[in-house]
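Colleague: Using my numbering, you'd call the opening residue of the sequence shown number 11 and step up by one each time.
I should point out that these hints are in silico values taken from the structure, not numbers from a laboratory. For glycine and all other residues, C-beta sits at the position ideal for the given N, C-alpha and C. Be aware that a few hints might be false.
Derived EDC-like pairs (lysine to aspartate or glutamate); straight-line CA-CA distance at most 16 angstroms [claimed, not checked]:
| hint | residue 1 | residue 2 |
| --- | --- | --- |
| 1 | Lys173 | Glu196 |
| 2 | Lys225 | Glu196 |
| 3 | Lys248 | Glu262 |
| 4 | Lys95 | Glu27 |
| 5 | Lys222 | Asp253 |
| 6 | Lys95 | Asp25 |
| 7 | Lys81 | Glu110 |
| 8 | Lys85 | Asp117 |
| 9 | Lys173 | Glu27 |
| 10 | Lys230 | Asp253 |
| 11 | Lys89 | Glu137 |
| 12 | Lys194 | Glu164 |
| 13 | Lys68 | Asp312 |
| 14 | Lys173 | Glu262 |
| 15 | Lys352 | Asp339 |
| 16 | Lys365 | Asp296 |
| 17 | Lys364 | Asp312 |
| 18 | Lys364 | Asp293 |
| 19 | Lys82 | Glu51 |
| 20 | Lys352 | Glu368 |
| 21 | Lys95 | Asp117 |
| 22 | Lys172 | Glu226 |
| 23 | Lys194 | Glu137 |
| 24 | Lys172 | Asp141 |
| 25 | Lys55 | Glu262 |
| 26 | Lys143 | Asp117 |
| 27 | Lys372 | Glu335 |
| 28 | Lys109 | Asp155 |
| 29 | Lys317 | Asp253 |
| 30 | Lys173 | Glu335 |
| 31 | Lys85 | Glu43 |
| 32 | Lys372 | Glu311 |
| 33 | Lys85 | Asp113 |
| 34 | Lys82 | Glu43 |
| 35 | Lys109 | Asp141 |
FRET-style restraints, in silico, Cβ to Cβ [to be verified]:
| hint | residue 1 | residue 2 | range |
| --- | --- | --- | --- |
| 36 | Thr203 | Leu300 | 46 to 54 angstroms |
| 37 | Leu302 | Leu327 | 53 to 61 angstroms |
| 38 | Cys246 | Lys225 | 32 to 40 angstroms |
| 39 | Lys82 | Lys352 | 50 to 58 angstroms |
| 40 | Ser294 | Lys372 | 29 to 37 angstroms |
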Amino acid sequence: METSNNFIPINNWFDNEIKNPVIIAGPCSAETELQVLNTAEAISKIPNVKIFRAGVWKPRTRPGSFEGAGKKALKWLQKVQQITKLKVAVEVATQQHVKECIDAGIDVFWIGARTTSNPFSVQQIAEVLKDSKTPVLIKNPINPDIDLWTGAIERIAQVGVKKIAAVHRGFYPFEKTTLRNIPKWEIAIELMTRFPKLSILCDPSHISGNTKYIKEISQKAFDLTFDGLMLESHICPKEAFSDKKQQLLPSELKVLLDLLQFRQSNLNNGLLDIFESFRSKIDSIDFQLLELLSQRMKVVEDIGGYKSHNNISILQLRRWKQIIETRVDYGNKLGLDNIFIKQILQLIHDESIKKQTEVVYKNNNKKI
Numbered sequence: 011m012e013t014s015n016n017f018i019p020i021n022n023w024f025d026n027e028i029k030n031p032v033i034i035a036g037p038c039s040a041e042t043e044l045q046v047l048n049t050a051e052a053i054s055k056i057p058n059v060k061i062f063r064a065g066v067w068k069p070r071t072r073p074g075s076f077e078g079a080g081k082k083a084l085k086w087l088q089k090v091q092q093i094t095k096l097k098v099a100v101e102v103a104t105q106q107h108v109k110e111c112i113d114a115g116i117d118v119f120w121i122g123a124r125t126t127s128n129p130f131s132v133q134q135i136a137e138v139l140k141d142s143k144t145p146v147l148i149k150n151p152i153n154p155d156i157d158l159w160t161g162a163i164e165r166i167a168q169v170g171v172k173k174i175a176a177v178h179r180g181f182y183p184f185e186k187t188t189l190r191n192i193p194k195w196e197i198a199i200e201l202m203t204r205f206p207k208l209s210i211l212c213d214p215s216h217i218s219g220n221t222k223y224i225k226e227i228s229q230k231a232f233d234l235t236f237d238g239l240m241l242e243s244h245i246c247p248k249e250a251f252s253d254k255k256q257q258l259l260p261s262e263l264k265v266l267l268d269l270l271q272f273r274q275s276n277l278n279n280g281l282l283d284i285f286e287s288f289r290s291k292i293d294s295i296d297f298q299l300l301e302l303l304s305q306r307m308k309v310v311e312d313i314g315g316y317k318s319h320n321n322i323s324i325l326q327l328r329r330w331k332q333i334i335e336t337r338v339d340y341g342n343k344l345g346l347d348n349i350f351i352k353q354i355l356q357l358i359h360d361e362s363i364k365k366q367t368e369v370v371y372k373n374n375n376k377k378i
């Protein structure tokens, strides 16, 4: 499905253009009217923030946790619109959520990670959004599945929604990590490749899980030319009903935004000439690398044929250990990282085993 030319950039979603970086901020949950209004008023004083976010319905992993104030919180957000003039964004997970948000005049919807992970849920939401002019943010699924994320974007685009942006919030880690969610930046970069005109934001609050990592993650996102950030900020994080550790005070949010450096994605002519020179060098080196890899694999196939004819096992562990030791040592002298070298060698070795297995299998079939 071709959707990459139909997206309206997030800067042009509303009557007044929003300059990059686009900043969306607000509490994890709309807990009480006072908490929502106090947080919104404090955030509205930060010039960079144009959209106020708050969870009205919270899909918790287990029952018993705070699951949001529900429909009544939409009235609190209407007051935020009136008092602060901020646009407001709410997470929607069902058709009923969408209908109630439309009736309440909510400015932006977002589809959360759990919902994105279920194509049935996304399709149901899409049906209610048919030809809607309300912008939709789509967070990545819980698991690092680029096609699932792509499919969710396509489902919403298919029904005529043109104001769509993606939100990178990281992926659930199956092992214990410092961060709450693993960024796996390469997946967000692949999404940029698939949808060149799609605006992409980063949610450093959910990636970090703790405010002390938010600056680092935010700057990384800007270095990768993300269009903005979606951050959690609470008037009193210590008293928050959910996600206390990852919510910034509005004052901390302002300091953070002042410290971050937004990177240009578009280059002026002078810079473009310089970058094109660098890129040409990289292109040349990349093609040489591919040619060398192709030559290596031809030698690997020859070795596979020799092993097959002489009944020698494909895996030669002593040789593999020797390759690791000598290449890592040589790579170190060239200033390359140990882990980086080992990962590349492992990929090459896996492909070599695969090639030799194919050769042996083919030769064995000829003997039958």
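Colleague: So, for every hint listed, does it hold in this structure?
Modeller: Right, here's what the structure says about each hint:
{"no.": "1", "hint": "Lys173 to Glu196", "result": "24 angstroms, violated"}
{"no.": "2", "hint": "Lys225 to Glu196", "result": "20 angstroms, violated"}
{"no.": "3", "hint": "Lys248 to Glu262", "result": "14 angstroms, holds"}
{"no.": "4", "hint": "Lys95 to Glu27", "result": "14 angstroms, holds"}
{"no.": "5", "hint": "Lys222 to Asp253", "result": "14 angstroms, holds"}
{"no.": "6", "hint": "Lys95 to Asp25", "result": "13 angstroms, holds"}
{"no.": "7", "hint": "Lys81 to Glu110", "result": "7 angstroms, holds"}
{"no.": "8", "hint": "Lys85 to Asp117", "result": "13 angstroms, holds"}
{"no.": "9", "hint": "Lys173 to Glu27", "result": "14 angstroms, holds"}
{"no.": "10", "hint": "Lys230 to Asp253", "result": "22 angstroms, violated"}
{"no.": "11", "hint": "Lys89 to Glu137", "result": "29 angstroms, violated"}
{"no.": "12", "hint": "Lys194 to Glu164", "result": "22 angstroms, violated"}
{"no.": "13", "hint": "Lys68 to Asp312", "result": "59 angstroms, violated"}
{"no.": "14", "hint": "Lys173 to Glu262", "result": "30 angstroms, violated"}
{"no.": "15", "hint": "Lys352 to Asp339", "result": "11 angstroms, holds"}
{"no.": "16", "hint": "Lys365 to Asp296", "result": "22 angstroms, violated"}
{"no.": "17", "hint": "Lys364 to Asp312", "result": "13 angstroms, holds"}
{"no.": "18", "hint": "Lys364 to Asp293", "result": "28 angstroms, violated"}
{"no.": "19", "hint": "Lys82 to Glu51", "result": "19 angstroms, violated"}
{"no.": "20", "hint": "Lys352 to Glu368", "result": "24 angstroms, violated"}
{"no.": "21", "hint": "Lys95 to Asp117", "result": "11 angstroms, holds"}
{"no.": "22", "hint": "Lys172 to Glu226", "result": "32 angstroms, violated"}
{"no.": "23", "hint": "Lys194 to Glu137", "result": "31 angstroms, violated"}
{"no.": "24", "hint": "Lys172 to Asp141", "result": "9 angstroms, holds"}
{"no.": "25", "hint": "Lys55 to Glu262", "result": "13 angstroms, holds"}
{"no.": "26", "hint": "Lys143 to Asp117", "result": "10 angstroms, holds"}
{"no.": "27", "hint": "Lys372 to Glu335", "result": "32 angstroms, violated"}
{"no.": "28", "hint": "Lys109 to Asp155", "result": "29 angstroms, violated"}
{"no.": "29", "hint": "Lys317 to Asp253", "result": "58 angstroms, violated"}
{"no.": "30", "hint": "Lys173 to Glu335", "result": "52 angstroms, violated"}
{"no.": "31", "hint": "Lys85 to Glu43", "result": "9 angstroms, holds"}
{"no.": "32", "hint": "Lys372 to Glu311", "result": "11 angstroms, holds"}
{"no.": "33", "hint": "Lys85 to Asp113", "result": "11 angstroms, holds"}
{"no.": "34", "hint": "Lys82 to Glu43", "result": "9 angstroms, holds"}
{"no.": "35", "hint": "Lys109 to Asp141", "result": "14 angstroms, holds"}
{"no.": "36", "hint": "Thr203 to Leu300: 46 to 54 angstroms", "result": "18 angstroms, violated"}
{"no.": "37", "hint": "Leu302 to Leu327: 53 to 61 angstroms", "result": "25 angstroms, violated"}
{"no.": "38", "hint": "Cys246 to Lys225: 32 to 40 angstroms", "result": "21 angstroms, violated"}
{"no.": "39", "hint": "Lys82 to Lys352: 50 to 58 angstroms", "result": "55 angstroms, holds"}
{"no.": "40", "hint": "Ser294 to Lys372: 29 to 37 angstroms", "result": "35 angstroms, holds"}
This entry does not satisfy hints 1, 2, 10, 11, 12, 13, 14, 16, 18, 19, 20, 22, 23, 27, 28, 29, 30, 36, 37 and 38, going by the numbered hints stated previously.
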